[in-house]
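Mapping of the sequence shown onto UniProt numbering: position 316 corresponds to residue 316, and the numbering continues sequentially without gaps.
Incorrect hints may appear among the rest.
[What the hints assert, rightly or not] Now the in silico label distances, taken between C-beta atoms and shown as ranges:
{"hint": "1", "residue 1": "Thr160", "residue 2": "Glu428", "range": "35 to 43 Å"}
{"hint": "2", "residue 1": "Leu111", "residue 2": "Asp253", "range": "47 to 55 Å"}
{"hint": "3", "residue 1": "Glu139", "residue 2": "Met426", "range": "53 to 61 Å"}
{"hint": "4", "residue 1": "Val362", "residue 2": "Asp261", "range": "29 to 37 Å"}
{"hint": "5", "residue 1": "Lys194", "residue 2": "Met115", "range": "30 to 38 Å"}
{"hint": "6", "residue 1": "Ala9", "residue 2": "Asn305", "range": "23 to 31 Å"}
{"hint": "7", "residue 1": "Lys194", "residue 2": "Ile157", "range": "16 to 24 Å"}
[Claimed, not checked] Simulated crosslink set (BS3-like; lysine-lysine; CA at most 30 Å straight-line):
{"hint": "8", "residue 1": "Lys136", "residue 2": "Lys406"}
{"hint": "9", "residue 1": "Lys420", "residue 2": "Lys404"}
{"hint": "10", "residue 1": "Lys420", "residue 2": "Lys434"}
{"hint": "11", "residue 1": "Lys136", "residue 2": "Lys222"}
{"hint": "12", "residue 1": "Lys434", "residue 2": "Lys406"}
{"hint": "13", "residue 1": "Lys298", "residue 2": "Lys97"}
{"hint": "14", "residue 1": "Lys369", "residue 2": "Lys434"}
Calculated from the structure, these hints are not laboratory results. Note that this is a predicted model, so its numbers are computed, not measured. Just so you know, even glycine gets a beta-carbon here, dropped at the ideal spot from N, CA and C.
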Amino acid sequence: MEDFNTYIANMEKSVISSIIFDPSGFDDISDQLQVGDFLYPAHRHIFDICKELHTQNLPITPDFIASRLVGKRSVSQEEFTQILSVSPIANIEAFIKEIKNASIKRELAKLANMMREKSFDTTLTSESILDEIEQKVFEISSTKSTQTDFLTSREIIELTLENIKILKERGNNILTGLATGFEDLDRMTTGFNKGELIIIGARPSMGKTAFFLNMIQTILNKNQGVAVFSLEMPSTHLMLRMLSASTSIPLQDLRIGRLDDVQMERLSVATDTMTTKPLYIDDGSSLTILQLRSKLRKLKSQDPNLEIAVIDYLQLMSGGNESKGAIGKERHSVIQEISRGLKTLARELNIPIIALSQLNRVVETRDDKRPMLSDLRESGSIEQDADVILFLYRDDIYRKRADKDKIAKLKRDGKENEAKKLEKEMYEQDKRNKIEPAEIIVAKNRNGEIGTIRIQFNKPYTRFEERIRNDEKDYTPTNTKLDSADSPTIQIVQL
């Protein structure tokens, strides 16, 4: 150990000596090394002085450094003289790598000691210890290198042309990412692309879960891996919905086992097919951004075919132990941490990440209850980090709610017969209308158009479907209303 420390000490002296005798490369060095990466206090202190001088646009010379060392006990004159006596080195990158590597190993050794101490602490739970360890490992791995490598225009052009050639060979005029199962949505977004954060927002009962399940079914049909983190619904409930949508067996019949022989045969075929699909569901009721990162990185290493991850839903996540029960400004900061973490993770793993999100109650107070960006809970950070924001809207939800309120009022006023008549009408109408109109509102699209897409919701099978069109026209002016039965499928806002 003593020999290794001496070896690192010599490395540190060589790097500091090289800085003093050729400060022109200090920016590159300070990008890769931090003060804490140096093992010896004297070396840390001199490196810190070099950073201070550089920040103040003062020359990094022996005289300037010596003037800052006056009265400092952390560095002796002998130590400073030893550093100055070391010859500058040519291959400084190799020395920096060794210093950084030793620094990380020291941090890991400290972490191992901390793990041992905490494992014997009876006041701590295993979950809290694991959370803290995950946080420390994340912090250590984040400091491996802070250097940013620039790409030249030539390199960027080569990468861009290579991507264009790949798309041309596909012969696909719409998709650059994963297909959503909705052609008009694919046309507007070019699919869900690698590194993107996609937010799907809606008020309760609009069908957020059914919508994302419909989309991942399309992805699974191409044998592309999907990870789902369901914080609200058990995995078996999600599977029932997927089976209902894929077999056209009413969800309620599946729930109670009311199936005939033909339906059982369809169900058997669907389950046999589903067992071969690369679907991974984590239905734990709590999830931090660190846990999500750890689980996805592990899953990605086990299955490189993992193409997309879904979180249902964002507001049920926590930023860490310290964020549980946070309210007001604290909760806003937690959501900011989560949304930023999701975007960073999407880029790191090079996959799209979908996060379902709640909307504020304020949407209920407007005459037009179609969601807007400002309706997102803690909307500032989510709106900023997301590449694509989709809202779901079904007008029938509000119509039924209004009818129920009307029935309740009739009963309060003692008009029981009128209330029963309206209840019967609602029941008959609900039996007749198995298909409801629905809208996908593309409220944000960082790399394309925004607008509204008309689809439909098949209630018995909890399945969103593309609308049967009455004409071939896809795009309409932004002021065209969407309440006409034969209105076009998409309303576009050109950015």
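Hints, one by one, checked against the model:
1. Restraint check, Thr160 to Glu428: a C-beta distance of roughly 58 Å breaks the suggested window 35 to 43 Å.
2. A beta carbon spacing of about 53 Å between Leu111 and Asp253 agrees with the range 47 to 55 Å that was offered as a hint.
3. Range check, Glu139 to Met426: about 57 Å between beta-carbon atoms, so the 53 to 61 Å window is met.
4. Taking 29 to 37 Å as the suggested C-beta distance range, the pair Val362 and Asp261 does not conform, at roughly 50 Å.
5. In this structure, Lys194 and Met115 meet the distance hint of 30 to 38 Å, their C-beta atoms being roughly 35 Å apart.
6. The hinted range of 23 to 31 Å is not satisfied by Ala9 and Asn305, whose Cβ atoms lie roughly 47 Å apart.
7. Roughly 20 Å separates the CB atoms of Lys194 and Ile157, a value that falls within the hinted 16 to 24 Å.
8. Between the alpha carbons of Lys136 and Lys406 the distance comes to roughly 57 Å, so the proposed pair goes past 30 Å and is violated.
9. With a C-alpha separation of about 11 Å, the suggested pair Lys420 and Lys404 falls inside the 30 Å cut-off, and the hint holds.
10. For the hint linking Lys420 to Lys434, the alpha-carbon distance of about 22 Å falls within 30 Å, and the restraint holds.
11. Between Lys136 and Lys222 the CA atoms are separated by roughly 38 Å; this puts the pair beyond 30 Å, and the hint is violated.
12. For the given pair, Lys434 sits about 23 Å from Lys406 by alpha-carbon distance, which is consistent with the 30 Å threshold.
13. Distance check on the hinted pair: Lys298 and Lys97 sit about 26 Å apart at the alpha-carbon level, within 30 Å; holds.
14. Pair hint Lys369 plus Lys434 holds up; C-alpha atoms about 22 Å apart against a cutoff of 30 Å.
Hints 1, 4, 6, 8, 11 from the earlier list are contradicted by this structure; the remaining hints agree with it.
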